[in-house]
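**Q** Take a look at the letters that make up each chain.
Protein chains: 2
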Amino acid sequence: MSDHAGTDRIGTRLALSYDDVADAQRVLAGHAHRTPVLTSRQIDTRTGCRVFFKCENFQRIGAFKFRGAFNAISRLSHAQRERGVLAYSSGNHAQAVALAASLLGSKAVIVMPQDAPQVKLTATRGYGAEVVTYDKHATVREELAAQLAHQRGLALIPPYDHPHVAAGQGTAAQELFDEVGALDYLFVCVGGGGLISGCAIAAHALSPQCKVIGVEPEAGDDATRSFKTGTLQRCHNPDTIADGARTPSLGAVTFPMILRHVHDMVTVSDAQLLQAMLYLWERMKIVVEPTGALAGAGLFERKVDMPPGARVGVIVSGGNVDVRDVCRWLAA
Amino acid sequence: MSDHAGTDRIGTRLALSYDDVADAQRVLAGHAHRTPVLTSRQIDTRTGCRVFFKCENFQRIGAFKFRGAFNAISRLSHAQRERGVLAYSSGNHAQAVALAASLLGSKAVIVMPQDAPQVKLTATRGYGAEVVTYDKHATVREELAAQLAHQRGLALIPPYDHPHVAAGQGTAAQELFDEVGALDYLFVCVGGGGLISGCAIAAHALSPQCKVIGVEPEAGDDATRSFKTGTLQRCHNPDTIADGARTPSLGAVTFPMILRHVHDMVTVSDAQLLQAMLYLWERMKIVVEPTGALAGAGLFERKVDMPPGARVGVIVSGGNVDVRDVCRWLAA
Chain X
143 MSDHAGTDRI GTRLALSYDD VADAQRVLAG HAHRTPVLTS RQIDTRTGCR VFFKCENFQR
203 IGAFKFRGAF NAISRLSHAQ RERGVLAYSS GNHAQAVALA ASLLGSKAVI VMPQDAPQVK
263 LTATRGYGAE VVTYDKHATV REELAAQLAH QRGLALIPPY DHPHVAAGQG TAAQELFDEV
323 GALDYLFVCV GGGGLISGCA IAAHALSPQC KVIGVEPEAG DDATRSFKTG TLQRCHNPDT
383 IADGARTPSL GAVTFPMILR HVHDMVTVSD AQLLQAMLYL WERMKIVVEP TGALAGAGLF
443 ERKVDMPPGA RVGVIVSGGN VDVRDVCRWL AA
Chain F
143 MSDHAGTDRI GTRLALSYDD VADAQRVLAG HAHRTPVLTS RQIDTRTGCR VFFKCENFQR
203 IGAFKFRGAF NAISRLSHAQ RERGVLAYSS GNHAQAVALA ASLLGSKAVI VMPQDAPQVK
263 LTATRGYGAE VVTYDKHATV REELAAQLAH QRGLALIPPY DHPHVAAGQG TAAQELFDEV
323 GALDYLFVCV GGGGLISGCA IAAHALSPQC KVIGVEPEAG DDATRSFKTG TLQRCHNPDT
383 IADGARTPSL GAVTFPMILR HVHDMVTVSD AQLLQAMLYL WERMKIVVEP TGALAGAGLF
443 ERKVDMPPGA RVGVIVSGGN VDVRDVCRWL AA
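Taken in sequence, the protein lines are chains X and F.
Note that the first sequence ends on residue 474 in the working numbering; no numbers are left out.
Note that the second sequence ends on residue 474 in the working numbering; no numbers are left out.
Hints are computed from structural coordinates only; laboratory data are not their basis.
All values reported here derive from a predicted model rather than from experimental measurement.
We put the beta carbon where it would ideally sit given N, CA and C, even for glycine.
It cannot be assumed that every hint is accurate.
Residues of chain F placed beyond 12 Å of chain X at every Cβ, according to the derived structure [unchecked claim]:
| no. | residue |
| --- | --- |
| 1 | 182 |
| 2 | 204 |
| 3 | 282 |
| 4 | 293 |
| 5 | 361 |
| 6 | 373 |
| 7 | 391 |
| 8 | 419 |
| 9 | 445 |
| 10 | 447 |
| 11 | 461 |
What follows is a list of derived Cβ distance ranges for each label pair [claimed, not checked]:
| no. | chain 1 | residue 1 | chain 2 | residue 2 | range |
| --- | --- | --- | --- | --- | --- |
| 12 | X | 244 | F | 272 | 54 to 64 Å |
| 13 | X | 470 | F | 378 | 34 to 44 Å |
| 14 | X | 264 | F | 405 | 31 to 41 Å |
| 15 | F | 450 | X | 244 | 37 to 47 Å |
| 16 | X | 351 | F | 173 | 27 to 37 Å |
| 17 | F | 405 | X | 447 | 52 to 62 Å |
| 18 | F | 447 | X | 470 | 35 to 45 Å |
| 19 | X | 192 | F | 413 | 34 to 44 Å |
| 20 | F | 467 | X | 281 | 35 to 45 Å |
| 21 | F | 283 | X | 172 | 47 to 57 Å |
| 22 | X | 172 | F | 178 | 19 to 29 Å |
Start from the sequences, fold in the hints, and give me the full structure.
**A** Structure follows, in structure tokens:
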């Protein structure tokens with residue numbers, strides 16, 4: 143990583159600096175979409191702020207995850223790309239690795255539970271990946287993945303806890319600042335912390351006064367507790383519709399960056415999240431997945447005191463949701 | 143209207159020409175959104191065409207109707223605007239007239255059935271309009287509207303059958319050609335024919351080889367039958383989820399323009415429409431209402447033979463739909 147990486151408040155050397163985000167931007171140019179920034183008069187009126195939505199639901203594979211996966215795979219040696227890459231995920235990271243590998247002439251093996259939704263298995267195979275399924279009750283996926291990686295010489299592409307992954311995700315915020323200039327606040331969802339780490343690094347460099355606010359589901363508030371206590375906290379398979387935020391904890395790479403560059407962490411309930419998601423659908427006419435509405439929910443629920451007229455960025459992280467699931471949540 | 147208006151194939155003088163669309167464009171500049179044109183690799187692959195979606199679901203009030211309403215109201219005399227305007231609609235036209243009147247310093251009276259969804263009554267009032275409700279079983283809305291217009295000296299803004307309205311709607315296609323150049327096909331939904339009339343006039347002027355295809359719901363196929371027979375056909379309150387296409391017939395202004403400048407008319411079932419709508423939601427991450435998905439459904443269902451690689455425009459006409467209604471349709 144860069145020589146310019148800083149140290150966090152407890153003295154640990156941070157895994158990445160803005161130079162790494164800028165490098166990722168160059169790598170992603172022409173491959174990732176430069177997603178649109180949308181605004182809404184009605185939302186500005188409702189919030190009393192000037193709000194800019196960075197719409198990663200329009201990113202390739204429908205979520206920001208493509209950025210980190212492509213950046214990470216592109217940094218592998220030619221020989222490693224020839225051997226292939228591996229990921230275990232049943233979510234957006236699976237499709238991100240599958241597509242990025244395919245674009246970079248590599249082969250992806252994705253480990254998914256055998257009861258994953260058929261639509262996700264099909265979509266991942268559709269991007270050219272080999273899907274290896276396992277029985278959740280009989281197999282520990284990490285062990286299966288390690289075994290496959292070893293047998294076939296595959297490089298594991300982690301979903302968030304890697305400097306190249308976090309740097310790639312940070313290009314979302316970098317593009318936002320590039321397009322709209324400095325902001326007073328930036329709301330970002332938090333699962334394993336890859337997106338917010340990269341975005342906070344970009345904010346620190348490009349809009350130093352900007353306060354970065356992480357938003358988590360109430361049921362999976364491990365990152366909020368970790369942030370408040372300064373000690374890594376965990377949660378086990380939290381019950382939330384925000385499937386992208388069901389991660390057990392922040393990581394060794396992301397936690398120090400969050401402690402150093404994030405200003406506050408807040409939580410929203412699933413009911414608030416569903417309401418925010420439908421509000422974005424019905425007012426902005428964009429399809430947003432629950433995790434993708436976390437940042438907006440934090441804003442709409444006024445979880446942070448902001449002066450009138452504040453310039454606020456909101457990362458809409460993804461849009462991969464089955465409408466039938468939304469109907470179930472509405473009926474519940 | 144312009145001196146350059148042509149005549150239709152049966153000799154009637156057409157109500158508008160491209161000059162009227164160009165005039166409308168100048169009137170709308172800075173007031174209507176120039177909506178985005180979106181593309182999708184997956185949809186190109188699926189259709190074998192290069193498809194450009196003109197996204198009027200991102201227009202003000204969430205539908206193209208704002209264009210026609212604003213253009214029509216802006217052409218009224220100052221004195222008339224002082225007295226006010228009137229519309230009867232429980233759909234997008236109501237909100238379009240309400241917002242356009244408010245922006246132009248006029249006052250709108252909107253006649254709506256008393257059992258219209260509360261959200262629509264509230265939204266229309268939210269744009270500053272006076273809503274007059276009536277009992278559908280006891281009152282003929284046209285009579286009530288005529289009486290109100292007479293008593294208060296209000297100008298009626300018709301939903302489609304007026305040259306200024308159709309010219310305003312045509313700016314949607316004009317912007318599309320302006321952005322992407324000539325097209326081989328343009329798919330447009332048809333209710334009363336205001337949108338397709340204006341768009342066909344724009345296509346004829348800006349991309350003369352472009353074939354304009356109208357798409358209707360099967361249950362409300364009056365415009366298709368009118369087009370095929372050359373005689374105005376009607377249907378009564380058709381049973382379709384495409385509420386914007388429940389109009390009884392084309393109009394005196396729109397029918398001749400459609401006969402002259404539209405190349406074919408096709409229909410799709412509600413099941414095909416729902417599937418197309420959800421496909422647009424899940425692949426393009428945009429919220430589209432049923433009527434707004436008609437044009438896309440005509441393309442996806444291959445209702446017209448097109449050569450591989452054809453350049454195809456699709457007007458996504460609006461995005462005002464209640465997700466709870468979608469859940470009902472899915473469960474039906």
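**Q** Kindly indicate which numbered hints from before are broken by the structure, ordering the numbers from low to high.
**A** 1, 2, 8, 11, 15
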